[in-house]
Amino acid sequence: MTDAESKRSPLMASLAVCGFPSPAEQYVESPLDLNELLVTKPAATFFVRAAGDSMVGVGIREDDILVVDRSVDPCDGMVVIACVDGEFTVKTLRQQEGQVWLEPANSAYRPIRFAAGQELNVFGVVTACIHRFRVH
Amino acid sequence: MIGLVDGNNFYVSCERVFDPKLEGKPVAVLSNNDGCVISRSYEFKALKIPMGEPYFKLKPLADAGHVFFRSSNYELYGDLSRRVIQTLHEFTPDVEQYSIDEAFIHLSSASNDDWQALGRRVRETVLKWVGIPCGVGFAPTKTLAKIANHIGKKLPTGVFVMPKDPKGLLADLPVDEVWGVGRRLAMKLRTWGVRSAGALATADEKWLRQKGNITLVKTARELRGIPQFAHEDPDERSQSISCSRSYGKAVTAFDDISESICFFISRAAEKLRKEGHRAAGVNVYLQFYPEYQPQFSEGGYTATTISFSQPLAYVGDMMKEIRPHLPSLFLEGRRYKKAGVIFFGLEAEQGRQLTLFADVEREKKTDRISAVLDQLNQKFGRGTVFSLGEGIERGWAMKRDFLSPHYTTKWDELPRAH
Numbered sequence: 001m002t003d004a005e006s007k008r009s010p011l012m013a014s015l016a017v018c019g020f021p022s023p024a025e026q027y028v029e030s031p032l033d034l035n036e037l038l039v040t041k042p043a044a045t046f047f048v049r050a051a052g053d054s055m056v057g058v059g060i061r062e063d064d065i066l067v068v069d070r071s072v073d074p075c076d077g078m079v080v081i082a083c084v085d086g087e088f089t090v091k092t093l094r095q096q097e098g099q100v101w102l103e104p105a106n107s108a109y110r111p112i113r114f115a116a117g118q119e120l121n122v123f124g125v126v127t128a129c130i131h132r133f134r135v136h
Numbered sequence: 001m002i003g004l005v006d007g008n009n010f011y012v013s014c015e016r017v018f019d020p021k022l023e024g025k026p027v028a029v030l031s032n033n034d035g036c037v038i039s040r041s042y043e044f045k046a047l048k049i050p051m052g053e054p055y056f057k058l059k060p061l062a063d064a065g066h067v068f069f070r071s072s073n074y075e076l077y078g079d080l081s082r083r084v085i086q087t088l089h090e091f092t093p094d095v096e097q098y099s100i101d102e103a104f105i106h107l108s109s110a111s112n113d114d115w116q117a118l119g120r121r122v123r124e125t126v127l128k129w130v131g132i133p134c135g136v137g138f139a140p141t142k143t144l145a146k147i148a149n150h151i152g153k154k155l156p157t158g159v160f161v162m163p164k165d166p167k168g169l170l171a172d173l174p175v176d177e178v179w180g181v182g183r184r185l186a187m188k189l190r191t192w193g194v195r196s197a198g199a200l201a202t203a204d205e206k207w208l209r210q211k212g213n214i215t216l217v218k219t220a221r222e223l224r225g226i227p228q229f230a231h232e233d234p235d236e237r238s239q240s241i242s243c244s245r246s247y248g249k250a251v252t253a254f255d256d257i258s259e260s261i262c263f264f265i266s267r268a269a270e271k272l273r274k275e276g277h278r279a280a281g282v283n284v285y286l287q288f289y290p291e292y293q294p295q296f297s298e299g300g301y302t303a304t305t306i307s308f309s310q311p312l313a314y315v316g317d318m319m320k321e322i323r324p325h326l327p328s329l330f331l332e333g334r335r336y337k338k339a340g341v342i343f344f345g346l347e348a349e350q351g352r353q354l355t356l357f358a359d360v361e362r363e364k365k366t367d368r369i370s371a372v373l374d375q376l377n378q379k380f381g382r383g384t385v386f387s388l389g390e391g392i393e394r395g396w397a398m399k400r401d402f403l404s405p406h407y408t409t410k411w412d413e414l415p416r417a418h
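Read top to bottom, the protein sequences are chains A and B.
The numbering used here numbers the first residue of the first sequence as 1 and each following residue consecutively.
The numbering used here numbers the first residue of the second sequence as 1 and each following residue consecutively.
Read the hints as simulated data drawn from the structure, not as lab findings.
Incorrect hints may have been included.
[To be verified] Under the rule of at most 27 angstroms between Cα atoms (straight-line distance), these lysine-lysine pairs were calculated in the BS3-like manner: (1) K274(B) - K59(B); (2) K410(B) - K41(A); (3) K167(B) - K41(A); (4) K128(B) - K167(B); (5) K45(B) - K57(B); (6) K25(B) - K153(B).
Pulled out of the complex, with its shape left as it was, chain B reads as follows:
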């Protein structure tokens, strides 16, 4: 049986652990640079303010004291996430973390076959030990467990076990609520008459293979109760790795842009290496503000796609191939608000093809350098070691006006008790 455990309104819940005054109140956590809403408490959701709403529109609410905002405190969220995963290990060694607030737990049996009771115990333990309320869903496949979890969250117990015959349930579930079916795919499926999860589950496989791809076929099988997505199958789900940030203040100098892109490449490459991947190329993009003086000109984007000479994971090599393209992205006189990089064409370390021009020895050496860099960054904190291109003084660091203390990761920011 597979259980999906995920934190309710995770970032807000994290903020509430050490600030009990936020309980029962409308609270929202803002994205990088205090840009927009990325997590909402139930009370905030009741105000009908959507996810992604920009903060500047909500400032009057904050000023009036009706609603509480917090900046993203990733250090805190990461630490509490780690604790939730650790707590789940009390129930099974087979815990598969999927995102910062979600994990699949694999169990072969529950005492008295009472999965509902087990789900309740899991929920109670995580709430007690870490202070994070969770929803728990049990089902024979990951895709069904995700659905069970969604249903469970709406129940007072927070737990739902998928019935042995879920056909009725799936017939009532819109197809776009199925894990792995995005909005675009859902639109296409609907035009072809597949409107519910039930319809997807029973659709002809050959037709699905033709209309979609193998992942869609596997999703349909999972809906029928046949496990398809094995452990840690990142290649099935993540086709790209990216890093993007909004700048704290508008950036105009080319050197600053260049430096920040190098920093993002570093960050994303860290993730890439951690997953044991190399990238075939990268998309780099910049977003600039509209101008109003001396006359109006629209805001917009510049972007470029760079295919590497061979699959890369080492920042030094990547920057060598990326740098020549950067001047073409830069428009003199524009003020830049955001930049991002997206790696594409990921391939796993093992079993990758050697190209005719691959320099195997050099790759081995740069792999070792990358491994050492990662270790140093991990031990002494991110950003300890960075390529020279990244610079030391980051004038463009992001704004976090509503940041709560690093309660669990800094000795001088511990919560206090009188």
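Isolated chain A, as found in the complex:
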């Protein structure tokens, strides 16, 4: 994991070797960086491995890497990593009319509801999911 400290900035590139003025000579941008795209707050961003199929409905599959940002305030409709009975789970957070529950995206699973006095413990908000395809 590297810090996403690289900022895209124009670089002056003079292609003197070519011997002719290039239209691209004005400025050249630095290459596209996945860290910059996916990691807004490096200090608060962690990667979590998805297990199981409880969230296939939103496109999270077994072994996918979830980008989790702890600096984001969790609210209704966001996919979160929560801690339930000492284990991490990935579910959609639902908050409505004073009720809070964790919703799966797979009909084979039941929502996780909280009893009175039981606190919901959110580890962080999932901002992206990385799925890798098998390559021979």
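Using the hints, position chain B against chain A.
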């Protein structure tokens, strides 16, 4: 204003971030080789088990499942420490990391002059973003900020701002709790009637200079609210750089000892170079086990002090001067349990004196080699490049039976969520 932010029971707190089952439980993190306790949760402290307690004495507790132990997961702690520092940068660009879990933050003002509120925000942000609970102390000097931090940790808010007139507070504080006053110095001060921080603050400077040293005088000034220890003043605090490890299993062969010492010299020299220092010499020591067959002989130490021909920072040159001394440290038939090296006589890179016999050109070249070695080690991981003396197969690597995964530094050890 200076704030001191430090993680509560830092290593334990790091373990809890990814293992929430450890919350609220007695947890302790063990030193290298699972030797002894080096970090305790509040619940563990409540069991009255002291810091430094050897693990073998506590094994029955672990086996009964009452108490949880973890081996030192430095990779994890280093990464979370980095994140805490990064988070502090949200509040000020002037963050001065002091140790793995402590940093001074320098701020010129707080909105509405409400330092308490700022301290709370700092604490909440670090807890939210990195999962590490911290104490925050604000004061006009580093020494006072350390005291404020200690007080803050005991409060439910975790934050304390030193009052403008701290005299009453300092009068109640024992002198050995002052930053920079060690146990020995405290004993001496007490015999001279200086028992509290307040007494140290108001002691006569000439007397302090005579009884102690300039650092003691500066400490007293800091207690009076006059900043003395500027930014990144490592020369004020660290007088030596060391590296030591216990061996995973008893070592008997001279070659293994020699190899391991070369490795420690490498590690310590890395730190030395990073701080821009050279060392005038090194203390090398070995600790061996007691023997019971055929008759009892005590365990003990062998040690030697080596003064270098000139201040050095390059491992190759150091080992050349150290190697001839190693056979004298080695006792045939003894089983060695630990070795260590301590550099002394550190001098900063700039403004160092050239000795009559210094080979300036060669030093420049070895400096460049050292810089390249450091870069390679940093890029590809520690230990990538090492002197030939270090060897490749390290049969003596340390034991870490309770090691948690490298949650944030290895792709195949990420935490999992169902």
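Evaluated hints:
Taken as a hint, the K274(B) and K59(B) pair is broken in the structure, with Cα atoms around 39 angstroms apart against an allowance of 27 angstroms. Restraint check for K410(B) and K41(A): the C-alpha separation of about 19 angstroms stays at or below 27 angstroms, so the hint holds. In summary, the hint linking K167(B) to K41(A) is not supported, as the alpha carbons are separated by about 42 angstroms, beyond the 27 angstroms threshold. Of the supplied pair hints, the one linking K128(B) and K167(B) is violated, its CA atoms being roughly 35 angstroms apart against a limit of 27 angstroms.
As the CA atoms of K45(B) and K57(B) are separated by approximately 16 angstroms, the hinted pair is consistent with the 27 angstroms bound. A C-alpha spacing of about 19 angstroms is found between K25(B) and K153(B), which places the hinted pair at or below 27 angstroms, so the restraint holds.
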